[in-house]
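Student: Here is what each chain is made of, one letter per residue.
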Amino acid sequence: MAGSLIKIDEEIVTSAVASVTLTGIDSTYDVYMVRFNNVIGTSGNNNLEVRVTESGTPNTTSNYDFAHKELDATGAFDNRSATNSDHFQVNIQVGNDPLFNEQSNGVMYIFNANNSGEYTFLTYETVFLNPFSGGLYGSQGGGVFTSASTVDGLNIFFSTGNIDNGNFVMYGLSK
Amino acid sequence: MAGNLEFIKSASGTSVSSLDVTDCFSADYDVYYISITKIDQSATGTAIRYRFLDSSNTAITSASYDQATLVMKSNTTFSESRGTNATYGFGAVGYGIRDAEDGVGASIYVYNPYDSSSYSFVSAQNSFIVVAGTTLEGYKNIGVLKSAQQCNGIQFLNEAGSFDNITVNVYGVK
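One line per chain: the protein sequences are R and G, in this order.
All residue numbers for the first sequence refer to numbering that gives the first Met the number 0, where the first residue is 0 and numbers rise by one.
All residue numbers for the second sequence refer to numbering that gives the first Met the number 0, where the first residue is 0 and numbers rise by one.
There could be a bad hint or two in this list.
[Said to hold, decoys possible] Cross-link-like lysine to aspartate or glutamate pairs, in silico, EDC-like; alpha carbons within 16 Å at most:
| no. | chain 1 | residue 1 | chain 2 | residue 2 |
| --- | --- | --- | --- | --- |
| 1 | G | K173 | R | D8 |
| 2 | G | K145 | R | D29 |
| 3 | R | K174 | R | D29 |
| 4 | R | K6 | R | D96 |
| 5 | G | K37 | G | D114 |
| 6 | G | K173 | R | E9 |
These are calculated hints, taken from the structure and not from any lab test.
Could you put the whole structure together from the sequences, leaning on the hints where they help?
Tutor: Encoded structure:
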């Protein structure tokens, strides 16, 4: 069979939920991809954050390192990074007004997640509008979950409030 | 078993000022992946731009495109490019890809283009060679068309001159 993306899990949010968990990571694939689009939160000026799950439960330990370049259409770019955080922060200051299309979109790749002998690595690229001027923002970077454990999914949430809308899909990259 | 990265269409051109990839977006997908592996520009030092095509496959030329691009050069310091309210998008593909022995690899995601109630968003990464095979550059780019309308396709065009060759492949991420 030719190489392809194989859909593993999908969550479509049309009313408020605290978080979205995409599950189904196992040893079938080494690399998984998550795409999300039209994601809108209850609160504006908010951060979109990610944790890994183990046996379906988000891991809240301080084992998340990340670094990314924050692209900004109206001002100087920033470097965003953290070590020993309790989450990956893939977007900051996301807007939430659907009238102004303040939505988040992006793609993430997850590496070695189910390998209990390896850390779990993440790369991501996102694009969104902020709530202040409707300015175009985006993040491109990566992170690592510094625990060699058996990761089976991702938990996606906003730093404040709920997810009101959005499509989230996880794929395996067939070998 | 069928996959979920589904090839939609390929478009190519020779000695064309622009390339329209028509009817590549539909209600079947929210997210699209575009790969570009072949571009030769006729003019030196010119930007490659893009515009979305409306529901009649006509290029949208309103001043509604914003972009931000991290410009990474192998021979000098990185720089930033940004702009708002332009009549075209920039940064998703590259710049100054002049000679046949040079080349490009561009990876572009497009979000919600066919949704008439949504803006169309872009995130992209690319690497390419300029100046006759001596300089590697790469862009990390985001963009948006700030017009909530149905887009059926995308157009790639030059700042000046034409494409000696260009090939674009479009996939749907189901």
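Student: Is K174(R) within 16 Å of D29(R), Cα to Cα?
Tutor: 8 Å, holds
Student: Is the Cα-Cα distance between K173(G) and D8(R) 16 Å or less?
Tutor: Distance of about 12 Å is within 16 Å: holds.
Student: Take the C-alpha atoms of K6(R) and D96(R), compute the straight-line distance between them, and say whether it is at most 16 Å.
Tutor: Violated - the C-alpha atoms of D96(R) and K6(R) are around 30 Å apart, more than 16 Å.
Student: Run the distance test for K173(G) versus E9(R): straight-line Cα separation, threshold 16 Å.
Tutor: Holds: K173(G) and E9(R) sit about 11 Å apart, inside 16 Å.
Student: Given the proposed pairing of K145(G) with D29(R), does the C-alpha separation stay at or below 16 Å?
Tutor: 37 Å, violated
Student: Can the restraint linking K37(G) and D114(G) be considered satisfied, given a maximum Cα separation of 16 Å?
Tutor: 29 Å, violated
In summary, the structure is inconsistent with hints 2, 4 and 5 from the numbered list given earlier, while agreeing with the others.
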